[in-house]
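*Asks:* Below are the chains, spelled out letter by letter.
Number of protein chains: 2
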Amino acid sequence: MITETQIVRFPSLRLDGGDTLHDVQAAYESYGRLNSGKSNAILILHAFSGDAHAAGIDHEGKAGWWDSMIGPGKAFDTDQYFVLCSNILGGCKGTTGPSSINPETGRPYGMSFPVITVGDIVRLQQMVASHLGIKKLLAVTGGSMGGMQALQWAVAYPEMVEACIPIATTARHSAQQIAFNETGRQAIIADPNFAGGDYYGKQPPARGLAIARMVGHITYMSDESMREKFGRRLRNREDLSFGFDVDFEVESYLRYRGSQFVGRFDANSYLYITKAMDYFDLGAGYPSLAAALERAASKFLVISFTSDWLYPSYQSLEIVSALRRRNHDVTYCELSSNYGHDAFLVDVGEQTEVVKGFLARCQREVVRV
Amino acid sequence: MITETQIVRFPSLRLDGGDTLHDVQAAYESYGRLNSGKSNAILILHAFSGDAHAAGIDHEGKAGWWDSMIGPGKAFDTDQYFVLCSNILGGCKGTTGPSSINPETGRPYGMSFPVITVGDIVRLQQMVASHLGIKKLLAVTGGSMGGMQALQWAVAYPEMVEACIPIATTARHSAQQIAFNETGRQAIIADPNFAGGDYYGKQPPARGLAIARMVGHITYMSDESMREKFGRRLRNREDLSFGFDVDFEVESYLRYRGSQFVGRFDANSYLYITKAMDYFDLGAGYPSLAAALERAASKFLVISFTSDWLYPSYQSLEIVSALRRRNHDVTYCELSSNYGHDAFLVDVGEQTEVVKGFLARCQREVVRV
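Protein sequence lines, in the order shown, are assigned to chains A and B. Heads up: the first sequence at position 235 corresponds to 235 in our numbering, and the numbers run straight through without jumps. Heads up: the second sequence at position 286 corresponds to 286 in our numbering, and the numbers run straight through without jumps.
Rather than coming from a laboratory, the hints here were simulated on the basis of the structure. Mixed in with the good hints there might be a few duds.
The list makes no distinction among identical chains, and a pair is therefore deemed to hold if it is satisfied within one copy or across any two copies.
[Claimed, not checked] Each computed SDA-like pair below joins lysine to any residue, with the alpha-carbon atoms no more than 20 Å apart:
#1 Lys229 <-> Trp309
#2 Lys229 <-> Asp281
#3 Lys74 <-> Asn35
#4 Lys202 <-> Pro192
#5 Lys229 <-> Tyr314
#6 Lys136 <-> Arg107
#7 Lys38 <-> Pro108
#8 Lys38 <-> Gln80
Could you build all of it, start to finish, from the sequences and the hints given here?
*Replies:* This is the structure in C-alpha cells:
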C-alpha cells in the first residue's frame, strides 16, 4: 500500500515548561479503517528518530519503520484495526519542531524552540486523536522512546486508553542513558557549524551529528549481534592498513550510518528529543512509580528483550512491579533475542505473537462491555 | 615515597608495520629493589591513558594510577618485588609517540608517526627490561590494554616471563570495542583544530578529544555504578532547567572528565593507541588462539569482573579455555564488583588477595628451581 502523510494544524499547544507554542502542526499517517464506533484505533508511538511513516510504502518507495508489525494479518492487523502514527513534537518530519518556522519571527526556531517533554509530545498526540473523533484508543504502543510515550498516555489520559504496550523502554531515564544522550548532544554542539543552532540555510553540523549517531548505533546493537554481523572482518582489504582509513567492516558501517543520518535528521531535533527522553521520569512528583501509575486504567503488556543493554529488562520489571502493586492487569514478556535494543524493530516473530494474543483479548473484552 | 621518572634511549625500534623508528626513548619508574639474582622483577603494563607513574607520589603530589596495588605490603609488595612500569610507545608521557620530535624533520611527528601495534609496544618494553639487566620477569601484569600487553609478552618472550596476570582484558578486540574506539577517533578527527594531526603549538582538538573521553568514561563504568554514583540527581539546582545547560550530575561529571582529559593527554596518542588496541588479535596468523598461546611458558592468573561490560568475562574465559587446551598452568578468577571496567583500578580488595597468593606460589617455585 502507498501511504500518505496528513497534516493537521492547531492554534496552540501548552507546554510543561510553561511556554505555549502557536500554530502547531502534526504530521500523521493511518492504515486500515476506523470502524463506525471508532473503537478499533491503535496509536503507534515512534522512537527517537522515527516518523509518521510507520507502515506501507511511501512515494519514494520507502517502507515504514515498523512495516513488519503493521499491515494485513500482522501484529497490528490493518484488516481489524485502524492504526495511527504521528511524528512527535520536536521532530523534523512534518510535526512542529526546532526546524519549523517560528510564526513570531518568520525564521526557523533553532534553539529558541522551547524545551519539551514526553508529556508535551503526548498532549499533541491527544489533540490529533481527538481531531479524528477518537474518544478511546484500543491500544497505545511503541518501543524505546515510543514506550515512554505509551506509559505517559496511560497516566495522562487514562480514560482514553484501553490497552498499553510499552516495549524495550523505561519509566525513567537512567544515568547511563542520560550519559549517552549527553555525549551525542555535546558532539553536535562542539561542531562549529552548529552555530548555536542557527545553521538553517547554511552547512549543518554534519560531523557532530554523525558522531552522535555512531554512539547511538552502538547502543542499539548488542555485543553479540555486532560480533555476528561484523566480527573483526576487514572492509575491502586483505590486510590491516596500518593507517587511519577504514580497516574493519564495523568502522565502515558506523561511518556510513552516521553520515547517512545527516541527510534525514535535524541536529536541533536531536538535542530537543534526547532532552525530552532524559527528562522522562514517570514517577516524578509522586511518592512512587506505583502511585503515578495508580491513575492508569489500561490493561498492560510490557515487553523487553534479553540482549537489550540500553533499556535492560530490569527497567521493564520496575514498570511491571509498580503496576502489580496497584493491582493492574499486566502481562510481562521478556523475549529472547540477540539483536539488542534493535530487537523490537527487527526481531518481531515472537513479539507479533504476544501482541496479537493480547490485542485479541482486549478487543473481546471491549466488545463484551 | 616520592617517585622519579627515568628515561632510557635506544637508537632504533623495528615495527610490525615495516617501519623503523629512530632515537626512541622510553620513560619508566621503578619501586622496590632488584635483588642480586634479578629474579624479583614485576612489570606493570598500563592501560590506554596511563603512564609510567604507577605508584607512589610524584613531585606534583599525584599518586600513581595503581598505587592501591603497588607498595609495601600491597598486592605487588615492594618489600619483596622490584616493580617496573614504563609509558607505552605511542603515548605522551615521556615515551616516544606522535607528539615527540621526529629526528628527521626536527618537528613533532603528528600523523607521520607510524601506526603501531601491541607487539611494538611490548618490543620496546623488552628493551627497557634488558637495559636493566633483567633476563626473566617474575610477572607481567596489567588491566585492560595492559592485559593485552601481558598476553603479548607471554607469547613474544616466553623465556622472559615466569607468570602472566592479564586482568579485565581480551585476546582480541571485538566489533563493539572497535566501534567505541572508532567513535572516539572520529570525534577527534572531526574537530577542525585537529588539522590532520598537525596542531602542536596551536589550539589542540580539545572538544573532539573531550567527547572521545566522555564515550570512554561511560564504557569504564557500569549501569549500576552510574546509578549509585549519579542516579537522576540534579547538579546545583532544585528543578529541571528546561534548557541545555547541565541538568544532571552525570552530565556535569562527563563534561568535567572530558575537559580535564584534554590537559593531560595528546589527541594523536588517542588515535594511535586505540588503533593498536583494535589491531590486537593474539591468535591472528595462527590456526587458533590456543595455537598462539602454545609458545607461552608462563603460569597464568586471569582475572575479570562481573559488571565489566567493556571487557566482559566471556573474553577472559576464551583466554582461559585456550590456555587449558594447551595444558598451561592457569587460574581464573571472576571477581564480583559493581564498578564495571574500572573495577581493576578501584575495587582492589579481592584482586589483591588473589594476586598475592598467586605471586607467592610463583616465587616459591622460582626459588625451588
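*Asks:* Does each hint hold? Answer for all of them.
*Replies:* So, going through the hints one by one against the coordinates:
1. Lys229 <-> Trp309: Classified as both; 17 Å inside a copy, 19 Å across copies.
2. Lys229 <-> Asp281: For Lys229 and Asp281, only the inter-copy Cα distance (18 Å) is at most 20 Å; the intra-copy one is 34 Å.
3. Lys74 <-> Asn35: within (18 Å within a copy, 75 Å between copies)
4. Lys202 <-> Pro192: both (12 Å within a copy, 17 Å between copies)
5. Lys229 <-> Tyr314: between (26 Å within a copy, 18 Å between copies)
6. Lys136 <-> Arg107: So Lys136 and Arg107 fail the 20 Å test inside a copy (37 Å) and across (72 Å) alike.
7. Lys38 <-> Pro108: neither (37 Å within a copy, 72 Å between copies)
8. Lys38 <-> Gln80: Cα proximity of Lys38 and Gln80: one copy only (12 Å, versus 82 Å across).
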